[in-house]
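Student: Residues per chain are reported as follows:
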Amino acid sequence: MKKEVDIAVIGGGPGGLAGAFSAGKRGLKVLILERGEELGGILNQCIHPGFGLLYFKEELTGPEYAERWIKMVEELDNIEIWTKTMVLEVSPDKRILAVNEKGLWEIKAKAIIFSMGCRERTQGNLAIPGTRPSGIFTAGTAQRFVNIEGYLPGEKILILGSGDIGLIMARRLRWEGAEVIGVVEKLPYPGGLTRNLVQCLEDYDIPLYLSHTVVEIKGKERLEGVYIAPVDDKGNPILENKKYISCDTLLLSVGLIPENELSEMAEIPLDGKTGGPFVDQFLMTEKEGFFACGNVLLVNDLVDYVSLQGLLAGESAEKYLKGEIKREKKLPVKINGNLRLVVPQYLSYPIILPEITFYFRVLNPKENSILYLKEKEKILKTWKYPMVKPAEMLVIKVSSSILENVEEINFVLEGSK
Amino acid sequence: MKKLTCIVCPLSCSLFIEEKEELKITGNKCERGIKYAKEEIRNPKRVLTTTVKIKDGIYPVIPVRTSKPIPKDYIFPLLKKLSEVELTAPIPSGYKVLENIFNLGIDVITTREMKKLNK
Ligand SMILES: Cc1cc2nc3c(=O)[nH]c(=O)nc-3n(C[C@H](O)[C@H](O)[C@H](O)COP(=O)(O)OP(=O)(O)OC[C@H]3O[C@@H](n4cnc5c(N)ncnc54)[C@H](O)[C@@H]3O)c2cc1C
Ligand code: SF4
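Taken in order, these protein sequences are the chains called A and B. Letter by letter, the first sequence follows residues 1 to 417 in my numbering. Letter by letter, the second sequence follows residues 1 to 119 in my numbering.
Treat the hints loosely; a few may be bogus.
[What the hints assert, rightly or not] In silico EDC-like links for lysine to aspartate or glutamate, alpha-carbon gap of 20 Å or less:
hint: 1; chain 1: B; residue 1: K2; chain 2: B; residue 2: E39
hint: 2; chain 1: B; residue 1: K119; chain 2: A; residue 2: E101
hint: 3; chain 1: B; residue 1: K53; chain 2: A; residue 2: E101
In short, the hints are calculated from the structure, not lab data.
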């Protein structure tokens, strides 16, 4: 079967919803392709509050935040929604191969917005010695079990990794009556937001073992326990000091990876640092007419940023169809000092947009930091941060007038401790 | 002496609280820390989000929340009350599952709609 649209949006989470809404509002014919039963993506299982403070100025739960966007999308007649539709392939000439109950589809789009989200790192990515019993899950899988399917993954739970999903699940499982033994984190600082450390662990006296990791797994059919050990400052476990913890469940909250198999099929170059496509200020990838937003672009810590990226991707897709994006010149966005990654990775000229939002992650926690925007030795602008942390994205806006005629764009983050 | 982590801004100051006739707070880098610590010591509140059972729905549980933050001490009693609730689909989003819990003037509401499962 065949189908033609202006904009195909792959993935119906908050990124895809905002992308579709933004393109739809501009009168384009949009198709959302979502493999799940419902729109909303991962938000459907994130039943805790903390969503929407930036965008709606109120604190919503994940399903409530999703519901608002789903309503906005459903109100536009020119947006078609196909759930239970899995995208199998995307070709460089913007042909999409998808499958659903009706059969196999070839969809031709003038522009494509990628919003496939991310997946969780698993045990396979970790290589812990020992047996492979049941009872080991990613924190996100456990979140789905508890919040959507309605059952507990186990009774005595240890969490490896102090990412936000793991912290949220520690509290959730405690509330459901499970025993949460603790959270083990290899790094000397926690991976999640302070608010989650306080409200999910400290509130319930759940211990956090920093600079520790799981070194061995025990159990035949079902997990019986694990050995944990402190790590030295190079991250190598000190096995003499290992100790046994009895548990029937180990949750892994050890990081997220953007889901870019489809982008790779379309021959779109990916940035090793973000795990997502290289994009310019329009969130257009190196391949023209392909856009990316949300966690497929970079792992975001606030859903509000995901929505803003979606809105921009939709707006940019219209500009692309109208031939307004020229790309006469391309300038890389350099990062130095305590910065790990940046989005967008380069700017296309003419810039057209009145301002540009840059997203950064930092390498190390540091106090009294200053972010410099430099052209060679000249400082164009500075921002001050009393504290920067790897868990919290830095987000800044720069007026395009500053960047219109520069020869170099170099962000440098300097800080103490 | 009690220890708290201030969550008002990313600095995350460690606050130390001595309870004499008045609260004596140290470790804060700004005034907002004092306000936070007082509130946390005198009357800490949280929004509770959990699920309750639902019959005939497309999923076996439906997510719910308290309409406002409730005092922390009510969290486990409320979880217990909610574990005894069972709804029947279809249910709209924002449906009042429990009204005026513990006479706090706060309700427990659903946070999504739950469609009926077509068998
Ligand atoms: C397990 C987990 C828990 C999280 N919990 C929180 C949290 O508590 N708080 C928070 O702020 N953030 C959380 N996040 C981050 C969260 O992902 C973002 O806030 C936000 O939901 C990302 O939106 P998105 O649209 O980019 O991706 P998603 O919400 O993941 O949506 C992507 C959608 O794309 C669909 N899709 C993917 N591939 C295909 C395909 N081939 N064909 C069709 N459809 C496809 C998926 O089914 C999904 O619906 C969590 C992330 C994960 C993975
Ligand atoms: S006390 Fe002030 S500076 Fe310290 S974390 Fe709280 S709000 Fe921030």
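Student: Please flag the earlier hints that this structure goes against, numbers listed from lowest up.
Tutor: The structure breaks only hint 3.
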